[in-house]
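Chain order of the listed sequences is L and H. full-length UniProt numbering puts the first residue of the first sequence at 1, with every later residue one more than the last. full-length UniProt numbering puts the first residue of the second sequence at 1, with every later residue one more than the last.
Be a bit skeptical, because a hint or two may be false.
[As the list claims (entries may be wrong)] Simulated restraints on C-beta separations: (1) N97/H x I186/L: 40 to 48 Å; (2) H239/L x E37/H: 42 to 50 Å; (3) G296/L x D111/H: 37 to 45 Å; (4) C9/L x N97/H: 50 to 58 Å; (5) K241/L x A21/H: 29 to 37 Å; (6) Q24/H x L35/L: 45 to 53 Å.
Think of the hints as simulated: they come from the structure by calculation, not from any bench. From a predicted model like this one, the values you see are computed outputs, not experimental measurements. For glycine and all other residues, C-beta sits at the position ideal for the given N, C-alpha and C.
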Amino acid sequence: MPVTINLICGAEEDGQTTLSPLIFNIDDIKKLRELGICGILSGTLSSAAQQNIFLSVPLKLMIEEAIWLHLNGLAKFKVLKGDTTQLIEGILDRNAYDIHNLTKERLKISFELQREYKREQHRLKLERLGIIPPETSNETTGDNSPNEKLLEASLFIETPTTSNLLNNIHLNYENGINDYLLHILISQYGNWDNYLLFQVLKDRGYVLAPGGRFGGKFIAYPGDPLRYHSHMVVRDALHYKDQSLDLLELAANARLGTAVKKIWVIGAPVPKNDEMESNKTQSKKDVSFYSVEWAGFG
Amino acid sequence: MCNPSSKDGLSIEYAVRTNLAHFQNWSDVVICEESLEWEGRTIKLVSGIPSEPLSNGETEDDGSPSREFLLPVSLAQYKAESLTIECLDHVFDKLCNPGTKRIILSIVNDDGTIVFYFMYKGVHKPKKN
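Pulled out of the complex, with its shape left as it was, chain L reads as follows (with noise of 0.2 Å):
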């Protein structure tokens, strides 16, 4: 059952939208773990969004992990269109009324539950003291006011960390368009060879995340970020023939790359002759890979 990635469209930039793929359900971001997609968890409590720790669903994708659980199969794409805030907003304006009854039902049922737990465990505990013979009903233990009193103090509402609001709201869609969704993804996407480098290292079983604490296009781990520290630096991807190394910049990467007890790698799709361009799609290429650290000398 492949997992379910929501696109928020953003704002137009220079007339082309913005997809950012998220993930909302919490047994999909379990599936996605397993398979080495760990993305960034992005909901935050405005309250305390310095607390990274504490940051919570949506699960944020990089592009290359979206495109490349979809062209895995492994995924489908659903579009949120607009903002999310607005989105919800505008659910929770029109259906202010039912929401609202929704809620105060659920409520009731709650406080019914909890109240009638605690009047059975009351009477329990009276009973294991002596106090009232066995099987006395509850009526009877529960009616004095200042117990009442106390037992409608100590009921405990509770504040659910899940919500189905944004489950019926998708856009509608048609057979195709999730291949039309790839495609913008693609194309905002500007550098495809990155995909490709992405898609090598991850095949060989690497997990990636975002590079841009270490100054690369990714890190690389070699195992469930928790469990391991990351091994590699990857730079963007080179080009092949015409793009040459920036010394100064290898420098300063793969001596960072030492302190930090990481090796920067650097790597280039090879050019196949034959190759159509707009082909480039679906082709697996061949990526040249060079690993570079500090020789611990000069």
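Following the hints, position chain H against chain L.
Same frame as chain L, now just chain H:
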């Protein structure tokens, strides 16, 4: 990778050889015979034996350091020498023994400093340190 016009004593291969032999205390340092013509330049490797095993280096059976191969490149201050991935592929194919895992990139600056970087073919684990 030397400028074809430079004399032996001024070539970057010679600079790397001198640095290794007299500054890093390497032994048996030679400029390799094999050369590769690449975009108007002649690329030659330098090879030698380190005074002690390198931090991530291979060793012989008796623990002594094994022979290393170095690729000299010049870091002209405003004109970086063109070193493409294609060029590196050719160096590994034509100048190195089959199965060579890595060479040492030797960046020769015009102020006399030379810095050394391991360059592994393919994706390689970082050294343990």
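Right, here's what the structure says about each hint:
{"no.": "1", "hint": "N97/H x I186/L: 40 to 48 Å", "verdict": "holds (41 Å)"}
{"no.": "2", "hint": "H239/L x E37/H: 42 to 50 Å", "verdict": "violated (22 Å)"}
{"no.": "3", "hint": "G296/L x D111/H: 37 to 45 Å", "verdict": "violated (22 Å)"}
{"no.": "4", "hint": "C9/L x N97/H: 50 to 58 Å", "verdict": "holds (55 Å)"}
{"no.": "5", "hint": "K241/L x A21/H: 29 to 37 Å", "verdict": "holds (35 Å)"}
{"no.": "6", "hint": "Q24/H x L35/L: 45 to 53 Å", "verdict": "holds (47 Å)"}
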